[in-house]
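Peer 1: The lines below spell out each chain.
4 protein chains.
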Amino acid sequence: MYSFKNDYSEGAHPRILEALIESNFKQDEGYGEDCYTRKAVDLLKERMGRNDLDIHLLSGGTQTNLTAISAFLRPHEAVIAANTGHILVHETGAIEATGHKIISIEVEDGKLNDSHIKAALDLHTDEHMVKPKLVYISNPTEIGTIYNKYELEQLSRFCKENNLFLFMDGARLGSALCSEESNLELSDLGRLVDAFYIGGTKNGALIGEALVICRQSLKEDFRFHMKQKGALLAKGRLLGIQFLELFRDNLYIDLAKHANKMADILRAEISRAGFRFLVNSPSNQLFPILPNRLITDLQKDYAFFVWSKVDAENSAIRLVTSWATKEEAILAFIEDMEKALEGDNVILK
Amino acid sequence: MYSFKNDYSEGAHPRILEALIESNFKQDEGYGEDCYTRKAVDLLKERMGRNDLDIHLLSGGTQTNLTAISAFLRPHEAVIAANTGHILVHETGAIEATGHKIISIEVEDGKLNDSHIKAALDLHTDEHMVKPKLVYISNPTEIGTIYNKYELEQLSRFCKENNLFLFMDGARLGSALCSEESNLELSDLGRLVDAFYIGGTKNGALIGEALVICRQSLKEDFRFHMKQKGALLAKGRLLGIQFLELFRDNLYIDLAKHANKMADILRAEISRAGFRFLVNSPSNQLFPILPNRLITDLQKDYAFFVWSKVDAENSAIRLVTSWATKEEAILAFIEDMEKALEGDNVILK
Amino acid sequence: MYSFKNDYSEGAHPRILEALIESNFKQDEGYGEDCYTRKAVDLLKERMGRNDLDIHLLSGGTQTNLTAISAFLRPHEAVIAANTGHILVHETGAIEATGHKIISIEVEDGKLNDSHIKAALDLHTDEHMVKPKLVYISNPTEIGTIYNKYELEQLSRFCKENNLFLFMDGARLGSALCSEESNLELSDLGRLVDAFYIGGTKNGALIGEALVICRQSLKEDFRFHMKQKGALLAKGRLLGIQFLELFRDNLYIDLAKHANKMADILRAEISRAGFRFLVNSPSNQLFPILPNRLITDLQKDYAFFVWSKVDAENSAIRLVTSWATKEEAILAFIEDMEKALEGDNVILK
Amino acid sequence: MYSFKNDYSEGAHPRILEALIESNFKQDEGYGEDCYTRKAVDLLKERMGRNDLDIHLLSGGTQTNLTAISAFLRPHEAVIAANTGHILVHETGAIEATGHKIISIEVEDGKLNDSHIKAALDLHTDEHMVKPKLVYISNPTEIGTIYNKYELEQLSRFCKENNLFLFMDGARLGSALCSEESNLELSDLGRLVDAFYIGGTKNGALIGEALVICRQSLKEDFRFHMKQKGALLAKGRLLGIQFLELFRDNLYIDLAKHANKMADILRAEISRAGFRFLVNSPSNQLFPILPNRLITDLQKDYAFFVWSKVDAENSAIRLVTSWATKEEAILAFIEDMEKALEGDNVILK
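Chains as they are written, first to last, in our numbering: chain R, 1 to 349; chain S, 1 to 349; chain Z, 1 to 349; chain E, 1 to 349.
Where hints are given, some of them may not hold.
Same chains, same names: a pair is fine if it fits in one copy or spans any two.
In silico lysine-lysine, DSS-like type, Cα no more than 30 Å apart, as pairs [as the list claims (entries may be wrong)]: (1) 219 / 39; (2) 257 / 39; (3) 160 / 149; (4) 339 / 45; (5) 309 / 149; (6) 160 / 26; (7) 300 / 149; (8) 309 / 326; (9) 118 / 149; (10) 118 / 39; (11) 133 / 219; (12) 26 / 5; (13) 219 / 160; (14) 219 / 131; (15) 339 / 5; (16) 118 / 5; (17) 26 / 45; (18) 39 / 300; (19) 118 / 339; (20) 219 / 118; (21) 133 / 339.
In short, the hints are calculated from the structure, not lab data.
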């Protein structure tokens, strides 16, 4: 059984483990004031070509989302998110638990644009309603689509004009940046969004997200918020060491490229076999629409999510690749798919 | 410079790192549904001789405290804690941020007893005041003292009689259980408290606390609370693997014993040199009262907290030992202390 | 200028003011422990034919919604509401501010049924999502529609089967119960919902909503929640006196009947003039679709909300009647409408 | 039985009720946008000689405290209050329920000074602890003492220097301002505190507190916070009409003076009878220390709280006067006390 269920099925990239071993017996400060964390933060700033960024390392996506958003907003302020937004459905009300409403916007492709946000602003006009203040986007989105530079610039301009914060969930940011369809650089983000994070957990680390706060007014006292939300690890070095290793050279980017390359092969082969996709996702998550009988066949040897029913005979499944996905596994999956198709004599649309 | 500042200055016990490497490329489920976590939980139940316990692995102490306490209480219910309680001062209002007041009880030795709690109950009599519902204790306490079995039994009985939950912060539980003055077993806790945790971060793990929920009514839906508070790690295996390694044999206990033994040597030698302690702490935190000049001397080569001013010429410092503390370091410290005393001709009281 | 904007444009029914004067100099207990409140509660129980109800008097709708819902739910539990639900859009995130997500259900007529709720339950399957626990309905709904007995019985059965609380916002409950289309009695509610409130503010009182808690498990400690949310008035008698007066005889029902009667006349006359309604609302809120030119004409002498644009030339407006609406005002409105139609030679559809 | 239990035992001053009747059938806007509220706000600004104040009318003290404090603070910021502070013990954790810790300062006379606050600041030094940000004082305090102008100026200066907000709970502000020992004017407050409120409930109104926000940065969006906390009454005119009446002429001050005058007589007579007081309170709350036997005698005809046990034979009681207290009642109380003393032959200290 090989799993394409997600990008956190394995441990960490071996270099991460080596770095942990290497540093293991050196004494250092706790709570993220260690030399590894400081170096990692410096490296990240350098990589983004700016010194005026505040960077904090946290453990996971939900924790980062809830700590950042609750730190940025006043009690009556609300978040605008696509209906696919991770915070909206898949984080057990973590944002609401800090007191803030999320305004859901119905979208097809997981992406928000100016007119979506304008519509939400137009509906929230006075003190009997929440005040929309932060726009939450994910890149890639939860269904694998990505924002290109032009789209993000438009969104950024609109948010600035309307005094809204733009926050980017980057749990899979590596895959977005390395996508062939992307023309965004890490260094663009400091200018285009108010805060974002660089996901480590799904790209080679054991745990870890690097939150980058770009807007000056959002920086103050952020470590208080981390501590209050249980996000300040006593052994903060665990996070520092990992990000240091991921960004010491090009490892982070190389791992994301590998994940995307594996997805590219899968996508091409599934297309070639005549299948369509629920959504055009140029990153490491694919949503092919397959005949239910084929899905049942594949489930014997592969683990993946059945995402949604498309019609009586076909469903979309989710296949996720990662830094750890082996090319052999991809090829075996393709081969098994083809074999199943032949055996079943499935009529393709 | 050798640090006695705390018990999280180094990484993890080497066996932990080996276990991470060993399992690294095995695919498994996310969010704590992996085989390692399940095995670790089974082992812990076995160790406590009971099957009717719910056990969850979380990342750190503040996270565990805030997730558990907010899950256990209704909005108007409050916590009773000693004024030294970690949640009261050193967690940036994490409990209050979930909506609950902590009622502070002034104590000398960090320990609560029946009469303290009774006094708090007597003061909270109607709906104009919060309703005290959960008693928070730490073992060892934040100043290194420990509860013996008799004391805990008294407290447990009182809480049961008064329909209060008894919650034990066990960030340093290993040191309490292994203290020479303790007659408590891990297996006693399931019977005496409603929930507690077994701290891993300060006893050999990179991160990790094992929360044990003993009272039936507190178990329901706990994973929802974990997810909502950002405490459900995508790679939950990181926690499972560590607790599996710590409890596969006697490693957890051995590491705590080592920490205590190092503290015992320090305590004995400091006493022998004629110094008193701020508090009689039989665990891995010591609070010797030393002349300020001696402290300044020692600070050249050793890192530690100056805890409190005792009089014009003396202060209490905090020395913490851990699984990673080297006996050489202890002996060197003692030697350097003695040298400094000779050199300074310090007059001891 | 006569206002049909809402049902809280005037003060209180004169009998309410007389009751306040009558009792003004009698000393009594504070915080709702006065004799008036106790009598009002007894009267309400009698009216519902049950003694096993807990009844609390609060100041307004938002306060009642947030106090009750936050008292009833645990942190990970969520509310299900129609997209028109008052708590969803028009209470500034009051429910989310207490930590709970509201799951929005798209409906046409403001009313929830079993299949709506089932769909929400089917989407919330595990601990990565909130746990739906309370169904919030309004009767009448925010667009004036009402639940009949059969519909409410269906909903009640479904909620019981699925272990959900059913909560009814009754800010305009009088109008629902007195509607010609209703076959619900006040005494049915204790059996069909877990909690509901009887709105006073919009039916003759200065302020005041009577929350009735029917389900045993939701009753405990409710006054603590009221105090914590600022809902326990020092002069609680202000609420008690008003509900005592409203329910001492048939005043509450008489006032609601009057409001409905005024709406009935308006509805009939507007229909007779050839206009349709956005929604079929048998209570004291009407949503006629009128030509924009007619609306402009009417706005010279009447205040009301323009609710929504229907097409290029027509919009829906909201007309609200109340216990204080004068029949002359209704007749004058009709007359002015007819005059405007004649003058304008408006072509009716 | 005559009650000295509190200052909210009766209804409202008759002029308040007349004003309600007078305006009862005039239609006006809801939610505090009516002409009465606007006029009341203008009058209050005029009375304070400043136009740059934001004034909002709320229902009660706890509601005002929780709405204002939660609106003013960010999540990690805390309140400093005297251990007698109403929000600390007598509001069921209302402030903590909005997420904020209250740091308690032990004081004798209910009053905070610079050194108290400095001590709290010195203890809260980094992100592991909450950040003290708002100083909460009550004037009069919960034990009847008052701040004079000099004390308040000192406190104000200290707070400004330390970037702290100074918030004054004025539930009984009238009594403080009219106390013979006070040299504070209402117009001083705009300059000395960042926000405060003028209590109506305990000085002639049915309900109502006028919150005055003086600091520019705290004004923004305050009505959103009111709505979110259930503090925006649909019939906001109920509050406006009352404050308009109280401040249309000198009624508010006259009522407070009456309450104080009644207290002055009581205080003088009790002193003359040879009894001491628990605390020197120059406002409308008195805490005489009386022999237990005398207390028992008095309880036959008078209602009051027994505040605290002083020694085996004496206790302090609380006597509260108000705008509604009748001089006859005071004189009768004194007479009955004297009779009881004679009858009992009580030995005075």
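Peer 1: Compare the structure with each hint and give your call.
Peer 2: Hints versus structure:
Proximity of residue 219 to residue 39 under the C-alpha cut-off of 30 Å is restricted to the intra-copy arrangement: shortest distance 19 Å within a copy versus 42 Å between copies. In this assembly of identical chains, the alpha carbons of residue 257 and residue 39 lie at most 30 Å apart only when taken from the same copy (24 Å versus 35 Å across copies). For the identical chains of this complex, residue 160 and residue 149 are intra-copy neighbours only, at 16 Å inside a copy versus 46 Å across copies, given an alpha-carbon limit of 30 Å. Taking the shortest Cα distances, residue 339 and residue 45 never come within 30 Å of each other, neither inside one copy (49 Å) nor across copies (46 Å).
In this assembly of identical chains, residue 309 and residue 149 lie within 30 Å of each other by CA distance neither inside one copy nor across copies; the values are 33 Å within and 36 Å between. Proximity of residue 160 and residue 26 under a CA criterion of 30 Å is satisfied in neither setting, with 45 Å inside one chain copy and 45 Å between copies. Proximity of residue 300 to residue 149 under the C-alpha cut-off of 30 Å is found in neither arrangement, the shortest distances being 41 Å within a copy and 51 Å between copies. In this assembly of identical chains, the alpha carbons of residue 309 and residue 326 lie at most 30 Å apart only when taken from the same copy (29 Å versus 57 Å across copies).
Only within a single protomer do residue 118 and residue 149 lie at most 30 Å apart by alpha-carbon distance; the minimum there is 20 Å, versus 41 Å between protomers. In the homo-oligomer, the alpha carbons of residue 118 and residue 39 never lie at most 30 Å apart, since the shortest distance is 41 Å inside one protomer and 36 Å across protomers. Taking the shortest Cα distances, residue 133 and residue 219 sit within 30 Å of each other both inside one copy (17 Å) and across copies (17 Å). Taking the closest pair of Cα atoms, residue 26 and residue 5 come within 30 Å of each other only across two copies (14 Å); inside a single copy the shortest separation is 37 Å, beyond that limit.
For the identical chains of this complex, residue 219 and residue 160 are neighbours both inside a copy (17 Å) and across copies (23 Å), given an alpha-carbon limit of 30 Å. Within a single copy, residue 219 and residue 131 get their C-alpha atoms as close as 21 Å, and across copies as close as 15 Å, so both meet the 30 Å cut-off. When the C-alpha separation of residue 339 and residue 5 is checked against a cutoff of 30 Å, the pair qualifies only within one copy, where the shortest distance is 22 Å, while the shortest distance between copies is 62 Å. Taking the shortest alpha-carbon separations for residue 118 and residue 5, only the inter-copy value of 27 Å comes in at or below 30 Å, while the best intra-copy value is 36 Å.
In this homomeric assembly, residue 26 and residue 45 come within 30 Å of each other (Cα to Cα) only inside a single copy, at 25 Å, whereas the closest approach across copies is 34 Å. With identical chains, the CA atoms of residue 39 and residue 300 are at most 30 Å apart between copies only, with a shortest distance of 25 Å across copies and 46 Å within one. Taking CA atoms no more than 30 Å apart as the test, residue 118 paired with residue 339 passes in neither setting, with 50 Å inside one copy and 40 Å between copies. Within a single copy, residue 219 and residue 118 get their C-alpha atoms as close as 27 Å, and across copies as close as 26 Å, so both meet the 30 Å cut-off.
In the homo-oligomer, the alpha carbons of residue 133 and residue 339 never lie at most 30 Å apart, since the shortest distance is 52 Å inside one protomer and 47 Å across protomers.
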